[in-house]
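If you read the protein sequences in the order shown, they are chains A and B. Residues 1 to 235 in our numbering are what the first sequence lists, from first letter to last. Residues 1 to 259 in our numbering are what the second sequence lists, from first letter to last.
Bear in mind the hints are in silico, worked out from the structure with no lab data behind them. Hints may be right or wrong, so weigh each one.
[Claimed, not checked] Cut-off 30 angstroms, straight-line C-alpha distance, at most; resulting in silico cross-link-like pairs (DSS-like, lysine-lysine):
no., chain 1, residue 1, chain 2, residue 2
1, B, 248, A, 67
2, A, 218, B, 248
3, A, 52, A, 107
4, B, 70, B, 24
5, A, 20, B, 70
6, A, 3, B, 248
7, B, 248, A, 215
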Amino acid sequence: MIKQHTVSAFEDEMQFLTHKIAEMGGHAEKMIGQSVKALTTGDVELARAVIKDDMRLDEGQREIDDKAVLLIAQRQPMASDLREVFANIRISSDLERVGDMAKGIAKRVSSVSEYSHGVKFARGLEHLSELASAQLKEVLDCYGTRSVDDVNNIIERDEEIDAMYTSLFRELLTYMMEDPRNITTCTHLLFCAKNIERIGDHATNIAEATYYMVKGHKLDPARPNEDKTHKVSLD
Amino acid sequence: MDGETETPKVKMAGKGVEVFYGSKQAINGIDLEVYERQVTALIGPSGCGKSTYLRCLNRMNDTIDICKVKGLLTLDGEDIYDPNIDVVELRARVGMVFQKPNPFPKSIHENITYGPRIHGLAKSKADLDVIVEKSLRGAGLWEEVKDRLHEPGTGLSGGQQQRLCIARAIAVQPEVILMDEPCSALDPIATAIVEELIGELREQYTIVIVTHSMQQAARVSQRTAMFHLGDLVEVDDTETIFTNPSEKRTQDYITGRFG
Chain A
1 MIKQHTVSAF EDEMQFLTHK IAEMGGHAEK MIGQSVKALT TGDVELARAV
51 IKDDMRLDEG QREIDDKAVL LIAQRQPMAS DLREVFANIR ISSDLERVGD
101 MAKGIAKRVS SVSEYSHGVK FARGLEHLSE LASAQLKEVL DCYGTRSVDD
151 VNNIIERDEE IDAMYTSLFR ELLTYMMEDP RNITTCTHLL FCAKNIERIG
201 DHATNIAEAT YYMVKGHKLD PARPNEDKTH KVSLD
Chain B
1 MDGETETPKV KMAGKGVEVF YGSKQAINGI DLEVYERQVT ALIGPSGCGK
51 STYLRCLNRM NDTIDICKVK GLLTLDGEDI YDPNIDVVEL RARVGMVFQK
101 PNPFPKSIHE NITYGPRIHG LAKSKADLDV IVEKSLRGAG LWEEVKDRLH
151 EPGTGLSGGQ QQRLCIARAI AVQPEVILMD EPCSALDPIA TAIVEELIGE
201 LREQYTIVIV THSMQQAARV SQRTAMFHLG DLVEVDDTET IFTNPSEKRT
251 QDYITGRFG
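Throw the hints in and build the complete structure from the sequences for me.
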């Protein structure tokens, strides 16, 4: 067990950052779940609530930035403390982006739900979002418990998200080719799918920041990390 | 970065160094190498032995009767505790700057020339004047004092006095400069000036600095050695020590968790 700081206010400030990240993480997870639920059920009210909720993540990030800057100025953290402050700044910025992604999905709910097939097409996004949510949750558990032994396995699972995103991309293209009236909705859904795929990438960033925070060195790079949609063509 | 990671030459080395004050052991057998033209910082809580170790490097501990040093300490491979060694000459080669600026109660000029005189480094008054200017320039003090070289050194500000002491140390052309908390009595501006100076001195001299300021150690040194209760806990690149130390005791100390 790590010892406490001699200066108890320092301890409290570090704790504050940790708790704030946990709070932001929980909030981001909730926003993803709700935005996709709103999309797949055509629930415009819920979508509106998600859009409004995003403010809390923006505030959370600002708060972490302010507190971290003040802490660096007052305490000049070293070694593991320094890494932790640095990681917290990065993670909060990733979580804030996750919120933006969820908000982006929520914003398209009314357009998608207007179209009769919209909600049906959106179903395909459910599984993708479950994968991304699970990914984010596991990464945040690593952060919470400071145990990074499993981080590599978790990060590798991002490939599943990328593969599923690529297949969704094809599926939505097929709908568009079947009937040009599907194009508007499917384009909206493509953006939604892309947003979810991006959430997986942010989870990877958080995993890497957590690993550095705990271990003091960077995770081995050179991991193939991309979806294949840039190679999808019409034939 | 690469320039600094090339294997540098070992300037001073300690092997199995033990120090006793009477029956009390202050240092428990330390191996520590100091590389040429690098700043090595010694850190650790009060009473950890870092200043004691520093004072072994120019046999300053000889002046304390009950102090006994065992083990091997070398300068360029030469045993500095060899009975045949001239301690006065050793202290010219390994100079020292103390915590509190301690200029002689004499003029600025005389503060600088005292050392070169007793070591016979100058033949004429003109030679001495050259040394005075060169040393004061080296310590970044020349421009500030060139018009009042014959005023007392004690009339300078604290930061200037400390730089005068550094000028006095480099006047005898040392190879190594030992600094025992050189900035702890200085304000932040004077501290910054001395730290800047340490960076410049490093091009010519090997520097070993004891400091209680972790930030200072992180800023000025290339290698850092962590002491605790007379042991060397670890020594590594400064960058590593302050971002990812190997030893828990180092981690606890530099993050303020000691005690």
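Status of the hints after comparison with the structure:
1. B:248 x A:67: With a Cα-Cα distance of about 27 angstroms, the restraint between residue 248 (chain B) and residue 67 (chain A) holds, given a limit of 30 angstroms.
2. A:218 x B:248: holds, 20 angstroms
3. A:52 x A:107: holds, 11 angstroms
4. B:70 x B:24: holds, 13 angstroms
5. A:20 x B:70: Outside the cut-off at roughly 54 angstroms; violated.
6. A:3 x B:248: holds, 10 angstroms
7. B:248 x A:215: holds, 13 angstroms
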